[in-house]
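Taken in order, these protein sequences are the chains called A and B. Under the working numbering, the letters of the first sequence match residues 743 to 1075, in that order. Under the working numbering, the letters of the second sequence match residues 482 to 761, in that order.
Just so you know, the hints here were simulated from the structure itself, not pulled from any lab data. Treat the hints with caution; some may be incorrect.
One-sided and incomplete, this derived list gives chain A residues near chain B with beta-carbon spacing under 7 Å [unchecked claim]:
| no. | residue |
| --- | --- |
| 1 | Leu873 |
| 2 | Val874 |
| 3 | Ala888 |
| 4 | Trp889 |
| 5 | Thr903 |
| 6 | Gly914 |
| 7 | Ile1008 |
| 8 | Gly1012 |
Computed from a predicted model, the values in this text were never measured in an experiment. Just so you know, even glycine gets a beta-carbon here, dropped at the ideal spot from N, CA and C.
The chain contents come next:
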Amino acid sequence: MNAVRATAEGRRAMGLAELRAWIRAFGPWRWASGRLRGWRSSGRTAVMGVPYFWLLLFFFVPFLIVLKISLSDIRLGMPPYEALVTWADAQAVQLKVNFANYAFLWEDALYRNAYLNSLLTAGISTLLCLLVGYPMAYGIARSNPAWRNLLLLMVMLPFWTSFLLRVYAWIGILKNNGLINNLLMALGIIDEPIVMLQTNFAVYLGIVYSYLPFMVLPLYTAIEKLDLTLLEAAADLGCKPTKAFFRITVPLTQGGIIAGCMLVFIPAVGEFVIPALLGGPDSLMIGRVLWEEFFNNRDWPVASAVAIAMLLLLVIPIMIYQRAQGSQVAAHR
Amino acid sequence: MNQRRSFFVLTAMAFGFAFLYVPILSLIVYSFNESRLVTVWAGFSTKWYVELFQNQQVLDAAKLSLKIAAINATVATILGTLAGLALARFGRFRGRATLSGMVTAPLVMPEVITGLSLLLLFVAMEQAVGWPAGRGMTTITIAHITFSMAYVTVVVQSRLATLDESLEEAAMDLGARPAKVFFLITLPIIMPAILAGWLLAFTLSWDDLVISSFVSGPGSSTLPILIFSKVRLGVSPDINALATILVLIVAIGIVTAGLYMQRQQKLRDLDVQRAIAANE
């Protein structure tokens, strides 16, 4: 504050010419005008600069703010957190960092279980999704080319309809007087309804169902590129199809498998809608904990700490995904 | 052996597609059910549709969602096309890695994190500069643009990557300025990808619940927010009716777009064949 006032005084004291010289000598100004000249000559900077600054402002900066708030104290009022940097006696800046929110996450078994449960649920669902998705992708890639686009479109079509409503549809199917139980009871196979809704099973089912297209598409791309003569050669040399599949097809479509699994696993860890609608009170997932911490308890600092901790968990899978993407792009060229 | 494997693959495919479509079909069938108990059949009726169209709350939410989705799709398409162009055509430039990282991250980022971080940004901005005042349509639109432009970028970038650069280079050699090359050559060729990107951005915004819930204010309920608050209380037949209408609109839209693109592709193939024939 004082420093700014001092320069303002100094500026008034300077003459106009001196001021101009001062501005010209000032680094950022030269940098900015250089940039402007660059803009005019190519326009390239504008093409990359506009989306760049949009993402910087609305994607990158928000993370810094989450990090900042995760380190501050809760207080009553709006916004419900203490400032991290405060002015003490208008002279010195006081930085108040508070790791209590993280310690709280670490010590409370609820949060630890929620994290573990999220990883477990996402892992199991991803595996199931791979088991359902691989044969589908394989079948599509090996089908008649005339059919191929139609089948791909049919995989993608549910993705275009509301995610929320598709999860909602499963409530009607799984609940005690829902489609499956009514059918089984009418056929006389069971006497009492099987409890399926509000179980972990329903959550796995919901995740597999919602994310299946994300699994099938990268797998399809990988399988379609596979050189069929390799499989023929293996068969000629007496290799059984099952062995050929695991020794040749799977390793060569590894990029697609990794990309597909990560595309399912990463968002599934933070999934909120599926556990909220299909899961029971015991299927706590971290996305749901964050939601409740934020909307029900209005504890923004703890919600931020939950988000940062979730992000740390996801850094490794996100890096694996980006590497798989990078190698696929490289293979494409 | 081969026979048996293809039988396995066919069964798996049939199962997979049934898995994808049975829930949607069940939504549609039960929307015509007379009974309020959604899954107990009590005869054919269209009364839930009538009820739906008389529900002002639903109509208002749908209008708001449509408005947000349209603005979002347009802005996200422009920004995403610019980013895709930069990533596919500018070679190595300073900040390329950052841009490409920031573009791919929203694709996999859990929605709760994106929603929370954007809300905290809006609150901090309101405190610092007084804009955006409160939360509502503006903040929802900005949030949607941020995550849906990433999808547009990927679509446009992958289309540009498969596109031969020689056409653009030829125009450049003949003296066309970069902007002119873009509008006369690149843009018409990547138009289908841009349209697909627009539709994708529109649907993503139209569907989004989690991010909207974080950045919406009182009185700005989008359709998914309204549906979620109803669904939490249990199944209700008017939601089934709403779902049926939405599925129908999407199906018609996709089929029309698919047929249109197929026709365009055929015309283009015909042109190529003619050009080859003329050369011979």
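Here is how each hint holds up against the structure:
1. For A:Leu873, the shortest C-beta to C-beta distance to chain B is roughly 9 Å, which exceeds 7 Å, and the interface hint is violated.
2. At its closest, the beta carbon of A:Val874 sits 6 Å from a beta carbon of chain B; the interface hint therefore holds under the 7 Å criterion.
3. Below 7 Å, beta-carbon pairs count as interface contacts, and A:Ala888 has none with chain B, the closest being about 12 Å; its hint is therefore violated.
4. A distance limit of 7 Å between C-beta atoms decides the matter here; for A:Trp889 the minimum to chain B is near 11 Å, and the interface restraint is violated.
5. A cut of 7 Å between beta carbons decides the hint on A:Thr903: the least distance to chain B is about 5 Å, and the hint holds.
6. About 5 Å separates the beta-carbon of A:Gly914 from the nearest beta-carbon of chain B, less than 7 Å, and the hint is met.
7. For A:Ile1008, the shortest C-beta to C-beta distance to chain B is roughly 4 Å, which falls under 7 Å, so the interface hint holds.
8. The interface hint given for A:Gly1012 holds, since its Cβ lies 2 Å from the closest Cβ of chain B, which is under the 7 Å cut-off.
Consistency note: the structure conflicts with the earlier hints numbered 1, 3, 4.
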